[in-house]
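Guided by the hints, dock chain C onto chain U, whose structure is given.
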Amino acid sequence: MMSPAAHHTLSEQLVDFAEGRLPASRRAQVEAHLATCSRCARHASALRHLIEVMRADDSEDVPVHLVNRAVRAFRTHRLASTPASPRRRVVADLRFDSARQLFAPGLRAVRSGTRELLFDIHDDNELEVRIEPAEGGWRIAGQVLGSCSGGHVVVEGSAGEAATELNALCEFSLPPQPGAIYKLVLQFEDVEVEVPILELRG
Amino acid sequence: MREASDAALVRACRRGNEEAWEALVHRYQRFVHSIPRRAGLDDEAAADVFQEVFVALVQGLDKIDDPDRVGAWILTTAKRATWRTVRRRIAARTGQTALDDEAEEIPDADPLPESVLVGVEEQHEVRTALNGLDERCQQLLTMLFYTQEPPAYGDVAAALGLAEGSVGPIRARCLERLLRRLH
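Respectively, the protein sequence lines represent chains U and C. Using the numbering used here, the first residue of the first sequence is number 1, and each one after it goes up by one. Using the numbering used here, the first residue of the second sequence is number 1, and each one after it goes up by one.
Bound conformation, chain U alone (with noise of 0.2 Å):
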């Protein structure tokens, strides 16, 4: 049995071993502790798995606006369920298709290339959504032109839904989604757009 002070010493030295820095013929001393002493044996396990797991980390850092933007879910989302600050809901007025069918508010995306379409919202700003085809579904994306200090974004539809906040630049951009037909909504602090059917489908 070695004695706590002779332990102590060893601490250091389980490190040294744990990370493989230790000489030979140091080495050759702990593990013949090792094999007597089931509590340095199992501590010694766990210094060399807890370096193995650093080590084995190249997670990368995460970028700093998606970090940013994720934070600001928050105070969107408080701001959304406030029943004290009811917003406006207004419904988007379609300016311009560039698939140049005109049946708002009932539109329909063409698979080739991106489809364009800018429509009047509250207080003389104007939403514009570009569609595309992605991974074998539709990618939303646009932006807010005019005031805007942020929003929350939805789309919600028979074949799922996501949602997504604007970002510095009051732009935005869903993930891919199913052809289906959807209700794209924009949560701004006092308002509520909406653009009630937004058909994607090739």
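Rather than coming from a laboratory, the hints here were simulated on the basis of the structure. A few of these clues could be false.
Coverage of chain U stretches by chain C, computed from C-beta distances (three or more under 8 Å per stretch; other residues unrestricted) [what the hints assert, rightly or not]: (1) 47 to 55; (2) 64 to 75; (3) 133 to 147; (4) 162 to 170.
Derived DEER-like restraints, expressed as beta-carbon distance ranges [stated by the list, open to error]: (5) U/ASN167 x C/ALA4: 37 to 43 Å; (6) U/SER25 x C/ARG15: 56 to 62 Å; (7) C/ARG15 x U/ARG130: 34 to 40 Å.
If you're wondering where the values come from, they're calculated on a predicted model, not measured in any experiment. Glycine included, each C-beta is placed from N, C-alpha and C at the ideal position.
Quick look at chain C alone, frame taken from chain U:
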């Protein structure tokens, strides 16, 4: 907030504490992002999954039964979002339509086997414990164990304003403290 438990952060978020939400996002951001990346998804798709998970979390805060298990909830949500994206990509490549119910299933060749997820969880636990150590231990262990080519003790000492001979013993003490926080 940095020291608060997951459950305490979730409860504070439910009360509308924005600082708690920020701490929760910072605690889990690397974990969430690494799941689609481990499945081989590119920057854009990983960003989509990342955003989807945190929006789902902020919307689902009140529905999480056990706030202590928010990490497991996040893992499941990130895994499913990753599967959906992988399925859509496979469908796009093969010209098939990704059905919504299929998107909830594990793709045939699971891009996120259990062993990978266990590794990601362990790395998250160690990084979370590391963030609870003092600044000097965090810097020292990061330099020695989270860099591809760890610097020599002399360089570590110069960077942290330590005597070269103290790097080894301080490193040992910091590792011991980290291990204690994990057990």
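Next on the checklist: Please check whether the stretch 47 to 55 of chain U has three or more residues whose CB lies within less than 8 Å of a CB on chain C.
Outcome noted: holds (count 6)
Checklist entry - According to a criterion of three or more residues whose C-beta lies within less than 8 Å of a C-beta of chain C, is the stretch 162 to 170 of chain U covered? => result Answer holds; 4 residues pass the 8 Å Cβ test.
Checklist entry - For the stretch 64 to 75 of chain U, do three or more residues have a beta carbon lying closer than 8 Å to a beta carbon of chain C? => result holds (count 8)
Item to check | chain C covers the stretch 133 to 147 of chain U, three or more CB atoms within 8 Å, holds or violated | outcome: That given contact holds, which follows from 4 residues of the stretch 133 to 147 of chain U lying within Cβ reach (below 8 Å) of chain C.
Checklist entry - Is 37 to 43 Å right for how far apart the beta carbons of U/ASN167 and C/ALA4 are? => result At roughly 29 Å between Cβ atoms, C/ALA4 and U/ASN167 fall outside 37 to 43 Å, so the hint is violated.
Next on the checklist: I want to verify a distance hint. Is the separation of the beta carbons of C/ARG15 and U/ARG130 within 34 to 40 Å?
Outcome noted: holds, 39 Å
Checklist entry - Lying within 56 to 62 Å: is that true of the beta-carbon distance U/SER25 to C/ARG15? => result Between U/SER25 and C/ARG15, where Cβ atoms are some 60 Å apart, the hint holds.
The structure shown violates just one earlier hint, number 5.
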